[in-house]
Amino acid sequence: MILQSPSTPAPHDRDDASRDSPDSPVNRIANLCTDVPLTLDSGATLGPISVAYQTAGRLNADRSNAILICHALTGDQYVVGTHPVTGKPGWWTGLVGPGKVIDTDRYFIICSNVLGGCQGTTGPKDINPATGKPWGLEFPVLTIGDMVRAQATLLDHLGIGTLFCVIGGSMGAMQALQWAVTFPDRQRACVAIAGSWRHSAQNIAFHEVGRQAIMADPDWRGGDYPNQGTIPKRGLAVARMTAHITYLSEPALHRKFGRKLHDREKVTYGFDADFQVESYLRHQGASFVQRFDANSYLYITRAMDYFDLAADHDGVLARAFSGNPVRFCLVSFSSDWLFPTGESRAIVRAMTAAAANVSFVEVSTDKGHDAFLLDEPEFHDTLSGFLDGVAKLAGSTP
Amino acid sequence: MTPTNSTGAIRYDLKLIADMVDRGSRVLDVGCGEGELLAHLRDTRDVDGRGIELSMAGVRAAVTRGLSVIQGDANTDLSDFPDHAFDYAILSQTLQATERPRAVLEHLLRVADRAIVSFPNFAHWRGRWHLIARGRMPVSDYLPLQWWDTPNIHFCTLLDFRQLCQDMDIRVEKGLALNEQGHPQWFAADGPLANILAAQGVFLLSKGTSS
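Protein sequences, first through last, are from chains A and B.
Here the first sequence stands for residues 1 to 398, where the numbers follow the numbering used here.
Here the second sequence stands for residues 1001 to 1211, where the numbers follow the numbering used here.
None of these hints come from the bench; they were simulated from the model.
Note that beta-carbon positions come from the ideal geometry of N, C-alpha and C, so glycine has one too.
Be careful, since some hints might not be right.
Label pairs and their calculated CB-CB ranges [stated by the list, open to error]:
| no. | chain 1 | residue 1 | chain 2 | residue 2 | range |
| --- | --- | --- | --- | --- | --- |
| 1 | A | Trp337 | B | Arg1100 | 25 to 35 Å |
| 2 | A | His313 | B | Lys1207 | 29 to 39 Å |
| 3 | A | Arg264 | B | Thr1076 | 45 to 55 Å |
| 4 | B | Met1056 | A | His313 | 21 to 31 Å |
| 5 | A | Pro84 | B | Asp1083 | 47 to 57 Å |
Calculated from the model, a selection of chain A residues having no Cβ within reach of chain B, i.e. all distances over 12 Å [to be verified]:
| no. | residue |
| --- | --- |
| 6 | Gly81 |
| 7 | Lys88 |
| 8 | Ala310 |
Facing chain B, from chain A, some residues (calculated, C-beta under 10 Å) [said to hold, decoys possible]:
| no. | residue |
| --- | --- |
| 9 | Cys329 |
| 10 | Val348 |
| 11 | Thr352 |
| 12 | Asn357 |
| 13 | Ser364 |
| 14 | Asp381 |
| 15 | Gly389 |
| 16 | Ala391 |
| 17 | Leu393 |
I would like the entire structure built from these sequences, with the hints used as guidance.
What follows is the structure in structure tokens.
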């Protein structure tokens, strides 16, 4: 057993088969908030909750080498190893592992499926104990803050007081920043990649298009589809297709597809997928619905829309960071038009005004928002340099 | 704008700047390049350092070596920093490349209690000779770029700088006259010889008390 829990692991913790090798990630589910439910930002309460999480590496003796990785909107806890649903490698296999940028020989990695998610953490597809049926739209609306508090209860459960670092990209960056603001004394460092301090009007607009696509699908059934035996696959696929465009960039799409035709010599004068880019998007949509729940998509996009770190500080972002002891690193990508560099720069300005310790790098790439998931050497060098710097400052080489 | 050094050892003029910094202090290095000085200050003087650098390549290199550096412009972004956030603000070989050197100096002594400023002396004899004898803008190993290529837009002499400090009620606590290699010379930085013989000057400044 790699995990050193202070108490005997709860009997309802579920191990998977992959822990026979010490280098394999461990996937488990923790039942939390069993005594006191989680109070959400909306005022509603939720509990007990399940939190599905993955760990990799070893927690050191003084429990000082834990890194919490926060996943993005459609990500999950399967950072490394093989994804049990898709059979594909974990979403950050390129960055996380023995000897890699986030080195599991040095650090103990934790990543949990967000509250409202659909990979084992409590979400709208789970059973509402009050009715004995899946929650559907009865599930309370969540915020990024709620997700972060659920993660904090998981850390309590694991007996981890202070994190070495919280790292996240996109919605994960929102969580990482929220972590630093909510629990400034519970982490040494914070890495927010391709993120923002609040969701922009344009991004709320894109999310609304996705939600409307889901809700327009007759199989959505007012959100009650789990009880009516349908799945709003078409709506969810369209939501994914729209969103997927925002994760790329015009140059990247052009480089990959141009105007190339799909399996044909000339256009068919019809509405079949003539172009490769159409066929690619259809594939993205179709494979997404195999692993994601439509109602989860509604709830998680809503949580992102509601995110505004300045709102709780009279609209002054700098106040969110005043006196904050966390060492911050912000990274943006030059061709990211979903979370453009200007968003990160605004956070840097606020942190600077608050005399917080911040590093900021814009990585030159044409790969758009998704660059944080891809092989970007400049980004990887920045991140490993930053983590080394924090380790040096902490006077420890975990 | 900054002469480069590929030997790996810290440039001599940077070492002189580092020697002016008290141990354990908070330092802002404006135009920190790849963080050579900040890394030296961190490793030898236990300094809590931050950097601001215009070039992204410089910022990436600095962050990669574990320094806290942000991409930014001394002309516009110093105003983001709160008053007295640092013990020292350092501007090494960058003053002459700023759009409004006077405003930058004001900011340095607003965000920090002391400023350390180094810059090339345009009245150095070699530059004078270039202008008088050859009628051409000076180009040397120390300032290697042609007039149309140089980022240096506000050249001044040591005397000019002293005058500006006087006008701005800035106290010069310490001054060093350096040769082109960055080595300190025997003559005083505020003397008449320095304005001819010094290739560059380094000054430790603080807010004056009109006297």
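These are the hints, each one checked on the structure:
1. A:Trp337 to B:Arg1100: 25 to 35 Å: Since Trp337 of chain A and Arg1100 of chain B have Cβ atoms about 33 Å apart, the given range 25 to 35 Å holds.
2. A:His313 to B:Lys1207: 29 to 39 Å: Once the Cβ atoms are compared, 32 Å apart, the range 29 to 39 Å for Lys1207 of chain B and His313 of chain A holds.
3. A:Arg264 to B:Thr1076: 45 to 55 Å: Taking Cβ atoms as reference, Arg264 of chain A and Thr1076 of chain B lie about 53 Å apart, which means the hint holds.
4. B:Met1056 to A:His313: 21 to 31 Å: 30 Å Cβ-Cβ, so the 21 to 31 Å window holds.
5. A:Pro84 to B:Asp1083: 47 to 57 Å: For Asp1083 of chain B against Pro84 of chain A, whose Cβ atoms are near 55 Å apart, the range 47 to 57 Å holds.
6. Gly81: At roughly 28 Å from the nearest Cβ of chain B, Gly81 of chain A sits farther out than 12 Å, so the non-interface label holds.
7. Lys88: 30 Å, holds
8. Ala310: Check passes; 16 Å lies beyond 12 Å.
9. Cys329: 7 Å, holds
10. Val348: Holds, because the Cβ-Cβ distance from Val348 of chain A to chain B comes to roughly 5 Å (cut-off 10 Å).
11. Thr352: Holds, about 4 Å.
12. Asn357: Holds, about 5 Å.
13. Ser364: This interface hint holds because 7 Å falls under the 10 Å limit.
14. Asp381: Holds - the Cβ of Asp381 of chain A comes within 10 Å of chain B, reaching about 5 Å at its closest.
15. Gly389: With a closest approach of 2 Å, the Gly389 of chain A hint holds.
16. Ala391: 8 Å, holds
17. Leu393: Holds, because the Cβ-Cβ distance from Leu393 of chain A to chain B comes to roughly 8 Å (cut-off 10 Å).
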